[in-house]
Amino acid sequence: MNISMTVNMVKRSFDVQPDEVLLDVLRCEGYLEVKGSCRTGDCGACTVLLDGRPVASCLTLAAKADGHAVTTVRGIGDQAHPHALQDAFVRNGAIQCGYCVPGAITSAKALLDENPDPTEEEVRLAMDSNYCRCSGYEQQVEAVLDAAAHLRKGDAK
Amino acid sequence: MGRITDYYHAVSLEDAFAKAKQLGSAAAYVGGGVELVLRRNPEVTTLIDLSRCGLDYVAAVGEGIEIGSQTTLTTISHSADIGHYAGGSLAWWAGHIAHNNLRDMITVGGAIGRNQPWNDVVPHLVALGAQVRLFDDAERIMPLAAYIEAKQSGVIIKNVLLPTDNAGSRGFLWRFTRTQQDISTLHFSALVRFEGNIITAANLVFAGRPGHAALYPRLSEVLIGKPLSHETFARLAEVAYDLVEVGTDFRATGEYRRELVRAAVVYLEEHMTGVAQ
Ligand SMILES: Cc1cc2nc3c(=O)[nH]c(=O)nc-3n(C[C@H](O)[C@H](O)[C@H](O)COP(=O)(O)OP(=O)(O)OC[C@H]3O[C@@H](n4cnc5c(N)ncnc54)[C@H](O)[C@@H]3O)c2cc1C
Ligand code: FES
Ligand code: FES
Numbered sequence: 000m001n002i003s004m005t006v007n008m009v010k011r012s013f014d015v016q017p018d019e020v021l022l023d024v025l026r027c028e029g030y031l032e033v034k035g036s037c038r039t040g041d042c043g044a045c046t047v048l049l050d051g052r053p054v055a056s057c058l059t060l061a062a063k064a065d066g067h068a069v070t071t072v073r074g075i076g077d078q079a080h081p082h083a084l085q086d087a088f089v090r091n092g093a094i095q096c097g098y099c100v101p102g103a104i105t106s107a108k109a110l111l112d113e114n115p116d117p118t119e120e121e122v123r124l125a126m127d128s129n130y131c132r133c134s135g136y137e138q139q140v141e142a143v144l145d146a147a148a149h150l151r152k153g154d155a156k
Numbered sequence: 000m001g002r003i004t005d006y007y008h009a010v011s012l013e014d015a016f017a018k019a020k021q022l023g024s025a026a027a028y029v030g031g032g033v034e035l036v037l038r039r040n041p042e043v044t045t046l047i048d049l050s051r052c053g054l055d056y057v058a059a060v061g062e063g064i065e066i067g068s069q070t071t072l073t074t075i076s077h078s079a080d081i082g083h084y085a086g087g088s089l090a091w092w093a094g095h096i097a098h099n100n101l102r103d104m105i106t107v108g109g110a111i112g113r114n115q116p117w118n119d120v121v122p123h124l125v126a127l128g129a130q131v132r133l134f135d136d137a138e139r140i141m142p143l144a145a146y147i148e149a150k151q152s153g154v155i156i157k158n159v160l161l162p163t164d165n166a167g168s169r170g171f172l173w174r175f176t177r178t179q180q181d182i183s184t185l186h187f188s189a190l191v192r193f194e195g196n197i198i199t200a201a202n203l204v205f206a207g208r209p210g211h212a213a214l215y216p217r218l219s220e221v222l223i224g225k226p227l228s229h230e231t232f233a234r235l236a237e238v239a240y241d242l243v244e245v246g247t248d249f250r251a252t253g254e255y256r257r258e259l260v261r262a263a264v265v266y267l268e269e270h271m272t273g274v275a276q
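Residue numbers (numbering that gives the first Met the number 0), protein chains in the order written: chain A, 0 to 156; chain B, 0 to 276.
Note that these hints are calculated values from the structure, not bench results. Positions of the beta carbon are idealized from the N, C-alpha and C atoms, including for glycine. The reader is advised that the hints may include incorrect statements.
[Stated by the list, open to error] Here are some, though not all, of the chain A residues that point toward chain B, as calculated from beta-carbon distances under 8 Å:
#1 ASP18
#2 ARG52
#3 LEU60
#4 ALA125
[What the hints assert, rightly or not] If you want the footprint, here are the derived chain A segments under chain B, 3+ residues with CB under 8 Å:
#5 39 to 51
#6 62 to 76
#7 126 to 135
With the hints as constraints, model all of the structure from the sequences given.
Here it is in structure tokens:
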């Protein structure tokens, strides 16, 4: 079946199987920044934004995303134009192997769009699906609070 | 899912029901799709998407608060009306169970449609006295507790109604899990109404055990007409310990769950009286 969606603001159409999940469609189409791991909704690696809200793309039927807007971590920012969150992750040493980072930043982006001044507890809740086997989480939480502070001051995009 | 050959975007309830009727057990309605992807049913060949049927809403109506069946946990958690209902227990828990990237996917219709033994949404709704409005060419409404006892396949869950009568009561949910994201080893939901210091109504529901959520009217009797006191809840703990069917299955023994029943009542007492034991 044919579905259309915008991915990172670009209109795309894809030919998909009726039971294909968004994770597989995106990766087959070259959006390799979307990571898969558990495929059971547990680890958060595959998180993307669907109409601005974080979803596990491994459990999202691609057909359900027809007509909607998908944002991957690369749509949030890239090396040339990093988002404040991406800068803050680097600055705070919140990246080790990096596998969880696309999902973590995507969840954090959804939080900051909704709540520009979150508490530490709110950050932890908004990222409670994003497992990181390297960092121990502390630096990631600090990075999100740091990015939020920069965004509020207006010295970051 | 086995071999899904068709994904059908229904445009109305009538359209969805007609398609489902034509296909029988080969069709399944899609809520968030989480369960449909995770636990594939080999019988199902067609998925019927309800997202274009206008079922994603929370509305205050004469009889209470209506929650459309496509409404996600996040939307429920953000609703001011639900936040004020029965002390806000449903809104708070809808924002905390499962994971952040699933709370925007899991729908109230999908939670009821699947209703696993460890589900947290269904038992809490049962405790709140929720009713469910169904569509199968015509509309009818029934208590959610009755619906989960005798679920009919092919029927569309249209919405859930939180009745006005219970808005001023106090809701409670306690779940025993290894981590916040884990599924419940024991789930206890309650709704308690009191006038002054006297308990005037109570719904007590246990889940997170073999079988689905069960309402215990015998436990309500222990509370009704009694004062909000330690003695009342101590008696409840005693009766619940003997009465609640816990079963022995994976993840916990019956004896362990039975002790959890006692602990659950201690937390209920603390919540209702504000006094930690
Ligand atoms: C990692 C993970 C963690 C989880 N943690 C929790 C937790 O902490 N607490 C908890 O309560 N649950 C938890 N869940 C379970 C979740 O609540 C269920 O999977 C839920 O059923 C998903 O809802 P859905 O809308 O995606 O359902 P779907 O997959 O869309 O549907 C489930 C069933 O309901 C039927 N259905 C859907 N909508 C309707 C309708 N309107 N009318 C009739 N039938 C319908 C479908 O045909 C299907 O049979 C978790 C799940 C995962 C994967
Ligand atoms: S791959 Fe989707 S949550 Fe782990
Ligand atoms: S940095 Fe390695 S999993 Fe998070």
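We went through each hint and held it up to the structure:
no. : hint       : result
1   : ASP18      : holds (4 Å)
2   : ARG52      : holds (4 Å)
3   : LEU60      : holds (5 Å)
4   : ALA125     : holds (5 Å)
5   : 39 to 51   : holds (count 6)
6   : 62 to 76   : holds (count 3)
7   : 126 to 135 : holds (count 4)
In terms of the numbered hints stated before, the structure departs from none.
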